[in-house]
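Undergrad: With chain A held as given, fit chain B onto it using these hints.
Protein chains in written order, with this note's numbering: chain A, 1 to 306; chain B, 1 to 447.
Bear in mind the hints are in silico, worked out from the structure with no lab data behind them. Watch out, some of these pointers could steer you wrong.
As the list claims (entries may be wrong) - Output of the computed footprint for chain B on chain A, the stretches with three or more beta carbons under 8 Å from beta carbons of chain B:
| hint | segment |
| --- | --- |
| 1 | 48-56 |
| 2 | 129-138 |
| 3 | 250-260 |
| 4 | 266-272 |
To be verified - Below, simulated SDA-like cross-link-like pairs (lysine to any residue); rule was C-alpha separation at most 20 Å, straight line:
| hint | chain 1 | residue 1 | chain 2 | residue 2 |
| --- | --- | --- | --- | --- |
| 5 | B | Lys193 | A | Gln154 |
| 6 | B | Lys154 | A | Glu53 |
| 7 | B | Lys305 | B | Trp288 |
| 8 | B | Lys305 | B | Val201 |
| 9 | B | Lys193 | B | Met314 |
| 10 | B | Lys198 | B | Ala177 |
C-beta atoms are modelled at their ideal positions from N, C-alpha and C, and glycine is treated no differently.
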Amino acid sequence: MTQATNTDVIVQRDRRIGWLLLLPALLLLIAVFAFPIGRAFWQSFYTQNLGTELQPQFSGLENYGRMMQDGRFWQTLGNTTVFTVVSVLLEFVLGLAIALVLNQAFRGRNIVRTIAILPWALPTALIALAWAWIFNDQYGVVNDLLRRVGLIDQGINWLGNPNLAMMAVIIADVWKTTPFISILLLAGLQSIPDDLYEAHRIDGATPWQSFQRITLPLLMPQIVIALVFRFAQSFGIFDLIAVMTGGGPGGATETVSLYIYATVMRYLDFGYGAALVVVTFLLLVLAVAIAAFFLNRSRAKTSAAP
Amino acid sequence: MMLFKKLLRHNSSQWQVHLRSRSLRVWIAALIGCLTCFLVLLPVFSQQPVEIRFLMLAPETPLFAPLIEEFERENPDIRIRMVEGPNATNLVEDLYTSALLLGSSPYDLINLDVVWTAKFAAAGWLMDLSDRATPQELAQHLETSIEAGRYQDKLYRIPWRTDAGVLFYRKDLLQEAGLQQPQTFTDLLEVSKTLQQKTGVDWGYLWQGRQYEGVAAMFVEVLSGFGGYWINPETLEVGLDQPEAINAVNFLRGTVRQGVSPGGVTTYQEEEVRRLFQSGGAAFMRNWPYAIPLLNSEESAVRNKVGIRPMLSMPGGQPGSCLGGWGWGILSSTPHPEEAWRVLQYFTSERVQRINALKGYLPSLRSLYEDPEILAEFPHYAEMAQVFEKTVLRPSIAQYAQASDILQRYLSAVFSGRMAPEDAMQTAASETRSLLGRLSSAQEARG
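Next comes chain A alone, as it looks inside the complex (with noise of 0.2 Å):
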């Protein structure tokens, strides 16, 4: 008995200990992260802008009624989502492609891996202005190589069209961050034992199936972390298309991010500016649940088979 309740005191020391020890990092959190974010959705619901003279004015959800109908918000939503979804999607798959290459034994690996993480390391605005640059219809190289080439012999007016202006954002940031996707997929694939491979092989098993058995199963976490962070990130993507288009043309590449910029620090509408924001993070949280909720269900099919 006496035993018992010696142990439990311990227990009850430790966990108190334990929360002493968690409660700086909690705090940290809660002013780092909780204040902000409960901040926003309080802002949201009150009117504060030039025409208030920068008073909030309580106004219960007419910023959330007025973002329905606002077509620009809509427009940025759709354009971040392309955006998003087409740039996660192939920086995966190049970047697993490229892991995999530099995962391979080969003379100069060290080189190649160093330079492959180049275009990550340099800083954003710097290449957006090299890519502006690139597909300038006048002097872009891109117009001039399809031009030698004798696909056409007027320069495409890249940036001037809203889709291709989308395609040529989308190419910049894939040159930019599949180093990051590929980086992080190599350090998996480098914790998976060679012996694996081997036993597979003995088996009579093909490349291709040991890479769906084997490669596939055991890098998910990778894959899982990489393409959440890249997700949340593009969705929040900022600088490359502030210095690339600005936006334009027309608003077709505008993404949620300038948006929320313009309105909070250009028009000073800061009511509004947070419903924008709050609406924004919801739907990343949404959209992260929902991708984990998949990821986590496919993982444990995989892990289930044989």
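TA: Here is chain B on its own, set in the frame of chain A:
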């Protein structure tokens, strides 16, 4: 508690022991005397200089450093702290905005772009200068450059440099083809086509068509030329869906459709346009005067072949160059309005504008456009004086940034072929109306 009391008692008894010694008493008296000297007497005789602070675009800090030195020499009671900001107008605006949003700004003065004035004034961040500046002083400046500093009949900004859109043309090509300068927009298209055929120049007319502030500046000029208007700042009427505005859009779209302008103009800002023109790729260009020295530099293919003239117009329209430029305002949060005003007066004075004019910054004082020394250095100032006689302003409304974004989006939608001009301009007009209506109804609800 007990322990503390004990300590205190011990200490005080020790003090008493020390105070009894005479030399210490003398020392304390001397010390108190010195402190009184420092704290009370010194400030009376030598005033602590007041510090006046502002943020400046990085490339303009070298221009102001010697001026500040001179001012401080003559005004020992004021120190000026110039903080070097980034080299991008919008980033400097953001820095000021975030500093001002926090309530107490670290700055006293602000160097304002023309289109900032209304917003900063409406937010209550600028001090009303109407009573400080005399009408005689203001009359010496170009009229529209003062007008641009007003918001709802109060003056918030006094200019120190101006800017206005200019039409650049190739003198040599016109001469070669035996043609006169165009006077209307229709002329411009015709002359361009002839020049393209006769002289083999690649393009006729270059303008800024990217979705950004520059497209709004370019468009108010065409709009004025066709006799239309964007927003009337007094009545808040919107004219974007009027026939004149639609004609203006059709003209711009036509330049690309008729092969006079390259399709890329719809993605160009000033620099892309300037480079193409400077390499000899076009006969006409709409740009700002900053391009003049660059076009006449050693490495330019069009050196000394370029003329400038005011904007064009159509019958029934008014030629108008979009007014740009910078001016000084005083932040309402400053604790030193008097000193800030003295610095402002110096920075906008004839003496300073003259020094800046000789470095290529177009002044806002009219007299300097007739100054022989300046004209000898920059002959184009004489032509610029003509340009400044016919300027148009972008509407001076608090929500300018938002209204401009609406216009930019729909212009860009037309230029990129996404929308027909009528549809786009109607949507732009109705969005602008609902923006202006929403804000005025919020104002009414308030009071």
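Undergrad: Quick one, are lysine 198 of chain B and alanine 177 of chain B close enough, alpha carbons at most 20 Å?
TA: holds, 7 Å
Undergrad: Is lysine 305 of chain B close enough to valine 201 of chain B, meaning Cα to Cα at most 20 Å?
TA: With Cα atoms ~14 Å apart, lysine 305 of chain B and valine 201 of chain B stay inside 20 Å; holds.
Undergrad: Taking beta carbons only, do three or more residues of the segment 129-138 of chain A come closer than 8 Å to chain B?
TA: holds (count 3)
Undergrad: Residue count check for the segment 48-56 of chain A against chain B: does it reach three with CB-CB under 8 Å?
TA: Check passed, 7 qualifying residues.
Undergrad: Is lysine 154 of chain B within 20 Å of glutamate 53 of chain A, Cα to Cα?
TA: Satisfied, since the Cα-Cα distance of roughly 17 Å is no more than 20 Å.
Undergrad: Going straight from one Cα to the other, do lysine 305 of chain B and tryptophan 288 of chain B come out at no more than 20 Å?
TA: holds, 17 Å
Undergrad: Holds or violated: lysine 193 of chain B with methionine 314 of chain B, Cα cutoff 20 Å?
TA: holds, 18 Å
Undergrad: Cut-off 8 Å, C-beta pairs, minimum 3 residues; does the coverage of the segment 266-272 of chain A by chain B stand?
TA: It holds: at least three residues are needed, and the segment 266-272 of chain A offers 4 whose Cβ sits within less than 8 Å of chain B.
Undergrad: Take the segment 250-260 of chain A, compare each residue's beta carbon with every beta carbon of chain B, and decide whether three or more fall closer than 8 Å.
TA: With 3 residues in contact (Cβ-Cβ under 8 Å with chain B), the coverage given for the segment 250-260 of chain A holds.
Undergrad: Are the Cα atoms of lysine 193 of chain B and glutamine 154 of chain A separated by 20 Å or less?
TA: The hint holds at about 18 Å.
Violated hints for the displayed structure: none, as all numbered hints are satisfied.
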